[in-house]
Amino acid sequence: MKLELSWIDYLIMIIYFVFVLGIGWFLKKYMKNANAFLEAGRSIPAWVAGLAFISTNLGALEVMGMTGSGMKYGMLTTHFYWIGAIPAMIFLALFMMPFYYGSKARSVPEYLKLRYDEKTRALNAILFAVMTILASGISMYAMALLMEKVLGWDFNLSLWISALIVLGYTYLGGLSSAIYNEVLQFFIIVIGLLPIVFLSLKDVGGWSGLKESLAPISSASGYAPDTFTSTWKYTSEATANPMGVEWFGILFGLGFVLSFGYWCTNFLIVQRAFAAESKAAARKVPLIGALPKMFIPFLIIIPGVIALVLLNDPGKGFVLPLDASGKPIYDYTIIMLLKQYLPAGVLGLGITALLASFMSGMAGNVSAFNTVWTYDIYQSYIRKRTSNEAADDKHYLRVGRLATIAGVLLSIASAYIAVKFGNLMDFLQTIFSMINAPLFAVIFLGMFWKRTTGHAAFTGLLLGFLMALLHHGLTVPAGATTLVKGGWIASLHTYPVEMAQNFWTAIIAFTVATFVTVGLTVVTKQLKTEDDMHGLVYSLTPRTLAETGPWYQRPVGLAIIVGVICVILSILFW
Amino acid sequence: MVDIRIPIGFMFSILGVLITIFGFITMSDTVMYQKSLGLNVNVVMGILMLVFGLIMLFFAFRKKKA
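One line per chain: the protein sequences are A and B, in this order. Read in the numbering used here, the first sequence has 539 at position 539, and its numbers run on one by one without any break. Start counting at 1 in the second sequence, then tack on 1000, and there's your number in the numbering used here.
Just so you know, these hints were derived from the structure itself, not from any lab. Only a predicted model underlies this, so the values are computations on that prediction, with no experimental measurement involved. Check the hints yourself; a few may be wrong.
No farther apart than 27 Å at their CA atoms in a straight line, the calculated lysine-lysine pairs in the DSSO-like style are these [stated by the list, open to error]:
(1) Lys420/A / Lys32/A
(2) Lys420/A / Lys119/A
(3) Lys202/A / Lys1035/B
(4) Lys327/A / Lys394/A
(5) Lys394/A / Lys1035/B
(6) Lys327/A / Lys316/A
(7) Lys279/A / Lys525/A
(8) Lys211/A / Lys1035/B
(9) Lys525/A / Lys104/A
(10) Lys28/A / Lys394/A
(11) Lys316/A / Lys1035/B
(12) Lys233/A / Lys119/A
(13) Lys72/A / Lys1035/B
(14) Lys279/A / Lys72/A
(15) Lys28/A / Lys149/A
Not close to chain B: a few residues of chain A, all C-beta gaps over 10 Å, as computed [unchecked claim]:
(16) Leu11
(17) Asn156
(18) Lys202
(19) Leu320
(20) Gln340
(21) Leu424
(22) Leu462
(23) Ile565
Where is the CB? At the ideal position from N, CA and C, for every residue including glycine.
Given these sequences and hints, build the entire structure.
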């Protein structure tokens, strides 16, 4: 079962570690104040921020999870990309980025403070800080467990070493170091996983061979023969596809609520665009990120789909490790594929790609956490700015650095809590994933309706979150064995699959937040003047975007290119 | 501040050379390459990475001269 690595594999990993730490060390001399450390001095070129934008999202849980989903749901998993990411990224770039960037806010919670009020910011900042630490702890736990189970590395050792490397380069070079490393990591992930795409496709006889081999597997599960290689074709009924969701749930739940909630409001992601060198560059960041994002399914989902064929062909000798209850661990599909196809050398490269994906995700969490902590919690409630700007700057730089250390240590702590109370951590993560959908409702209304008031936004955010919690407490996915999956109050409704439950939780959170915010806005008084909201709200901001260059380099032109490619891909794999 | 293409270029060039050489050394090891369907993926990926690294370096230094 264990996978043996040779000296060359370790050498490749060490060279990679030297480069990531080297980038941090090189950037150290530029970290003179809090702004440089926490916001990268707003000086990052669009293409760098764009690749970092997508690389942060390409964390270990994404790579492991999407390959696993490819095996479970087939090509339907691409819905998380072509409908569940690209439209939201285009919307963020064209319609939201001008206000985010133009507001001069340094974080999403700070935008809420500028547009609404202090309490709305406080609620979001605290929830975000906790969620970020949890997410980073859980991915650290998953990574160390994988390395222990498959490579036989010591759990504690790989946990601490990988965390300390991330700490090393984010402590030295702050957000700039995280961003520059994310670009390097992006290329390592793509190149490191590339060989399994080609080798696995070659092994099953190309795309047509894959379709042929999947047909009997699909029929045996009671689906149409080409279900696993289709995306929209079998979504007229939830029971006709392995994901268990119909087109409406995909379109509205995933394509609108979940995806806009994640891409347009998650500071972890949006922070990369905040760091861009100009407003025009910031608008291009999500679009530049969208170009590679559309093709990531070929890198991580298709190998997962192929793994399903391998698993059903005893001759291939492909197996998945089993968990304590004897069920295959789908998340280990990617590493078992590395084991299946890669000899020493490229194998080290593949493992380095997994480590790089883990690091890009974790560095994203840490650099978002230290910014929100320093600006939205520490500077707002613990030690406010004084008249001495130079001394302040030094002080907040030190706080930002300490927050980086604290963030990593807290992530390690939450990874150990996950070791002891895995279910508790799953539960907390499910709960905190519910903050995005109401947040999107509140930010969207704030940006495009100048009447929206602070009291309404705060209540909408809170009630949206609580209603999502209530929905999760009252419904269960079929076959759930623990209360972590829902139904911890009562079990009023059973969803066929967990995915459907997640979609509906988000839809309810979003709808409640929207109605509450709109309803209360009508009966409460607007405390902000139109001058306060200049640059924050669509109708109060003059459109003076001087855009130069050929059409394909402008945001709208780029958005059209991205949109057209995305539509073509969706039709090709319909 | 820093041109990220330079470290990316150097890293991929170094890794590319290393993996290519390793691929040539292990050329005769047919048992090892059974996994990768008889293909010496080390040589293929090594050369690919070297080319990628050199392209990155080319663009980084071309810009500097200008």
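Status of the hints after comparison with the structure:
Pair hint Lys420/A plus Lys32/A does not hold up; C-alpha atoms about 41 Å apart against a cutoff of 27 Å. Among the hinted pairs, Lys420/A with Lys119/A is inconsistent with the structure: their alpha-carbon atoms are about 34 Å apart, more than 27 Å. With a CA separation close to 12 Å, the supplied pair Lys202/A and Lys1035/B stays within the 27 Å bound. Taking the CA atoms of Lys327/A and Lys394/A, the gap is about 53 Å. The hint is violated against a cut of 27 Å.
For the proposed pair Lys394/A and Lys1035/B, the alpha carbon gap of about 55 Å is over 27 Å, so the pair is violated. This hinted pair checks out: Lys327/A and Lys316/A have alpha carbons roughly 20 Å apart, not beyond 27 Å. Between the alpha carbons of Lys279/A and Lys525/A the distance comes to roughly 32 Å, so the proposed pair goes past 27 Å and is violated. Among the hinted pairs, Lys211/A with Lys1035/B is consistent with the structure: their alpha-carbon atoms are about 23 Å apart, no more than 27 Å.
For the proposed pair Lys525/A and Lys104/A, the alpha carbon gap of about 25 Å is at most 27 Å, so the pair holds. Between the alpha carbons of Lys28/A and Lys394/A the distance comes to roughly 15 Å, so the proposed pair stays at or under 27 Å and holds. Note on Lys316/A and Lys1035/B: the hinted pairing holds, with a Cα-Cα distance of about 11 Å set against a maximum of 27 Å. As the CA atoms of Lys233/A and Lys119/A are separated by approximately 46 Å, the hinted pair breaks the 27 Å bound.
Between Lys72/A and Lys1035/B, the direct Cα distance comes to roughly 25 Å. Compliance with the 27 Å bound is thereby established for this hinted pair. Distance restraint check for Lys279/A and Lys72/A: the Cα-Cα separation of roughly 41 Å exceeds the 27 Å cut-off, and the hinted pair is therefore not satisfied. At most 27 Å may separate the alpha-carbon atoms for a hinted pair to count; Lys28/A and Lys149/A exceed this at roughly 36 Å. For Leu11/A, the non-interface assignment is contradicted: its Cβ lies about 7 Å from the closest Cβ of chain B, within the 10 Å cut-off.
Consistency note on Asn156/A: stated as away from chain B, and its beta-carbon is indeed over 10 Å from all of that chain's, at 28 Å minimum. In this structure Lys202/A is not separated from chain B by more than 10 Å, as the shortest Cβ-Cβ distance comes to only about 6 Å. Once the 10 Å rule is applied to beta carbons, Leu320/A is consistent with being away from chain B; the minimum gap is 18 Å. Gln340/A, annotated as away from the interface, has a beta carbon of chain B within 10 Å; the closest lies near 7 Å.
For Leu424/A, the non-interface assignment is confirmed: its Cβ lies about 39 Å from the closest Cβ of chain B, beyond the 10 Å cut-off. Residue-level check passed: Leu462/A sits 41 Å from the nearest beta carbon of chain B, beyond 10 Å. With a least CB separation of 22 Å from chain B, Ile565/A remains clear of the 10 Å interface cut-off, as annotated.
Comparing the model with each earlier hint shows violations of hints 1, 2, 4, 5, 7, 12, 14, 15, 16, 18 and 20; every other hint is respected.
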